[in-house]
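Engineer: The task is simple: from the sequences and hints, build the whole structure.
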Amino acid sequence: MIALFLILLPLIGGLATFFAKSNSGAKNISLFVSLLTLLLVIAGISGIFGSSLNFYDSAWITPLGARFTIGLDGMSKMLCLLTAISFPVVFGVVYNNKYPQPASFFGLMLLLQTGLMGVFMATDCLLFYFFWELALIPAYFLCSIWGGDKRIKVTFKFFIYTFIGSLLMLVGILYIYFKTPDHSFALTSFYKIKLSAAEENFAFLLFFIAFAIKMPVFPFHTWQPDTYEQAPTPVTMILSGVMVKMGLFAVLRWLVPVFPAASTHFSHIIILLSVIGMVYASLIAIRQDDLKRLIAYSSIAHIGLMCAAIFSAQQIGIEGVMIQMFNHGINVIGLWIVAEVIETQLGTRKLSELGGLASKAPALAIILVVMALANIALPLTNAFVGEFMMFNGLFRYNVWMAAVAGISIILAAVYTLNMIQKIFYGETTVVTDGAIDLAMGTKIILVVLVVLVLALGIYPQPILQLTSDTVAAVFSKFHS
Amino acid sequence: MSTSEILFWFLSVLALFSAIMVLVSKNPIHSVLWLIVVFFAISGHYLLLNAQFLAIVNIIVYAGAIMVLFLFVIMLMNLNKETEPSRNIWMKFSGVISGGLLLWIFVSATRSAGEIVGKTAMIKEGSIGLIENLGKVLFTQYALPFEISSVLFLSAMVGAVVIGKKQ
Amino acid sequence: MLNDFFILMKFELLPAVIFFVLLFIKVGTAELSNASIIRLANILLFINLVAGFFYNKDGGMFGDMFHTNALIVLQKSILNLGIFIVSLQAEAWLRTHKHVIEFYLLLLSSLMGMFFMISGANLLMFYLGLELATIPLAALANFDLEKRKSSEAAMKLIMSSAFSSGLLLFGISLMYGTTGTLGFAQLPALLNGSNLQVFAFVLLFAGFAFKISVVPFHLWTADVYEGAPVPVTSFLSVVSKGAFIFVFASVLYTVFKPLADTWYHMLFLLSVLTMVIGNLFALRQQNIKRMLAFSSIAQMGFILIGISGSSQAGTASAVYFVLVYVFTNLAAFGVVALVSAQTGKEDITDYKGFHATNPVLAWVLAIALFSLAGVPPTAGFFGKFFLIMAGAAKQNYWLITIAALNMIVSLYYYLNLVKALFMDANASPVPKITFGVYAKLAIVICIAGMVLSGLASVVYEYIYNLSTGF
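Protein sequences, first through last, are from chains A, B and C. Per the working numbering, the first sequence runs over residues 1 to 480. Per the working numbering, the second sequence runs over residues 1 to 167. Per the working numbering, the third sequence runs over residues 1 to 470.
Hints in this document: simulated from the structure, not taken from any laboratory. Hints should not be assumed to be uniformly reliable.
[As the list claims (entries may be wrong)] Using C-beta positions, here's what the derived DEER-type ranges look like: (1) F178/A - N287/C: 38 to 48 Å; (2) N287/C - V369/A: 53 to 63 Å; (3) N69/C - K477/A: 44 to 54 Å; (4) H97/C - K92/B: 52 to 62 Å.
[Unchecked claim] Stretches of chain C that chain B covers, calculated by requiring three or more beta carbons in the stretch to come under 8 Å of a beta carbon on chain B: (5) 93–105; (6) 120–129.
The structure presented is a predicted model; accordingly, all values stated were derived computationally and were not measured. Glycine included, each C-beta is placed from N, C-alpha and C at the ideal position.
Structural biologist: Structure, rendered in structure tokens:
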């Protein structure tokens, strides 16, 4: 029941927000609904009302063998928690912003949350596909209506690119469906298929391309920097904080356990592509002047590492991915919040035009430095734990790959520290002269995020515990 | 060759020749007149198949009513050979090819058809075309299509009146 | 026996009664205003729609000229729904038209023709029903009496219909010549696949293909859809096509079952051609009616994929898709009809910035376009998905892949229109459209249908249980 409400609550909240009359009405409803969803997720994770409420199954389209089955296992719990935390944070940060047509804006955000929750919980492939596509429409409208100058072409490309991937996945789903012994879409049926090597490789590729476009993995990443730059920053927070995790989640839930032989077959080339992507994206990030594009490329590098770690097929690597999915979400949202604050206050995102903000906005500076250090994966931050485990796994797979991937950490330090230096230190410029420090609300939210970063850096055990069942399942499938 | 065979060959050649002349004539009035000859030839075939009623109805309805209507329209619109639009040579070419292919396939399919090879047509023997059989069947087995066709005529009239009425 | 007559032929008798009521009003002395005639007609059509759901039973009359069963009743109800929504949407244009009653007379006779065609179990009845369905539409296409384009559309429609009827009749007569019977029940046993029979079948198939505007028999579609008045275009593209799809699927599965291998390959080839060419041409269109015309051609290609599956899922997915298509296409054409009736604008460039002046209509059109593209959660996604599933049962993955690629191409031009509606700015956008209660009701029905018929799986399950394959 809790699982069902996790989908229904944002849905109904979103529809209600569409009809809100005033700006504050829309904001308040959406904030309230997202906080309620967070409470519900925490209740589901802690198991206060009994863990059977975390699953829901009912008949859906019986002629096809599709059922409406959703459930919260370890990885789903963690990702739902991430989603549930992200939305109130985002709503809180933009509380004082004024958007045209706010009712539609906040309504679409909540509909986006519905889609995301559904993807993370679905254990029936048709339902999974349904929610996967469902998350796309609100994202498209949000980016296209409220985005930057070049948004129209960019979001068009984003939608069509992602849709191509989804349709390839649909072909793959149908292909697998007809190979299941009992002609059903359930995850458990998908585990029972027996395919020849060629068939398995073919289906693997169809699915992988869809997920690779979503994550994104080099060379399918070309839509990402433009879209992140042109989208309104709150939407970018969700896109990069949560939506990319859809791709990683899908690989761990639907790709590797269903096609273990093909995963091992293709792992070398996938890791190679990921590592190339990491280094490539980091190099480009160094040369970026636009703050949003810099964070976007940095995100590609981080996701590349996670993808490589999954396919390294080591238990510690997969554990690292689990924890890093959560950590990266928190960290990148923190970075985007800083970018948003800078942009709304000062009207520019260009590093060349910023400078000396530390003297004007010390609180902002401190928080950004912490977030940036988390981006570099310094010890004491949560990212360190995740990256250490992932590198460990990659190292055990292949020393050279790990070494090349390690270069990207150095490059990350280069561009991140460069960014900090350019924005906060040095002389104040014309633009930053009139800057003021953070508002109280934003300060509180950012402090909460910083606390999470440090707390999980020192004591990551809760997340590891939460996701251990999924890790064991994936790992055993890999080596079955 | 018996009389029936001679008549069959004569009527077929006449029908084919007139049909080709319908298409080839430059003057539209000539086309209509050749078409009337085609109808007479087909009616002749019906007579050979012992369907006298169908033959007469064919002449009355087609050659009588419909062709007269055609002539009226041609006369009112003052069509003659100058107003005929000429077509692109490639269109004519492709028309000939596709029509020719269709003819070729049809002729070969008919020649190889098991139902036709080695059989002779029923001349002067069939009773399907006789008026009493037609009448019986029309009001018993095919009563429903008969009524539907009346609705068809009514709606066609409504449509024609709407389009043709002076506004 | 008389009781049977009224119950079994209820679907045909009701429109006939309405036809004669309206006819007597026309020839009588009462001078009713357009508004009251429209109100009366809509009420009668609504009664017609609702009465179709009650007290149906299976059976046959007049030998094999008429038969009905639960699936046929469902199909006729879908067509009733379609004509009701078309009539609601036509109100804006009919308000000032001089021939309101004739419009309804012709529409109803076309509907009756479709009903007789669906219920017929005999080639002659089928042919007569087809003619009764088509000829009033040719007259209807001319109903914008001042516009030259309308007459041109009617001319093209009658020419192509006559030609296709000629082919169809040639095929029927050859079929009769080689088998000796016209009845659907007796034909399958007598089909032996000889050359002449296959030739006759190809001609029959070509006649059908004309009616559902499958490539390469589609050349009349764009011009007729563009020239005819929008309500007539809606009727043609949704109700007429839907009826022909129903008959097509049922005839292929029952009568021509022995030729299944032949028509499977024909369907495969034609569906690929149709989807590809329909989408490619739609990309280039500037007139919204032409774009929707080519998009409906591409959708027909999809339906052929479903029908090629030859299974229970094949019939079910085709019927379900026609239902979804009724809601979706009528929503899209409804908005176009309102804009066209009030401002006469039909170009895509005129629709830029539509959202700013008419937010509700812009959202309706956007949802309809997403449904046509097949994006969840609209019913269009489920419709396309079921069609692809039915087609995939034959394990022909080339067909599935081509279908998926075509979905992407079609998404491109639908998204282009959505982008124009929401995101492009316009110096002189379409002004605020006022629409009355009829248009509002039509929009509500269409939106409810698009959203609910996908999510409520009972709809598809009900259709599936009524279908038969082989």
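Engineer: Run the structure past the numbered hints and jot down the numbers of the failing ones, going up.
Structural biologist: Checked against the structure, the only hint that fails is number 4, while the rest are satisfied.
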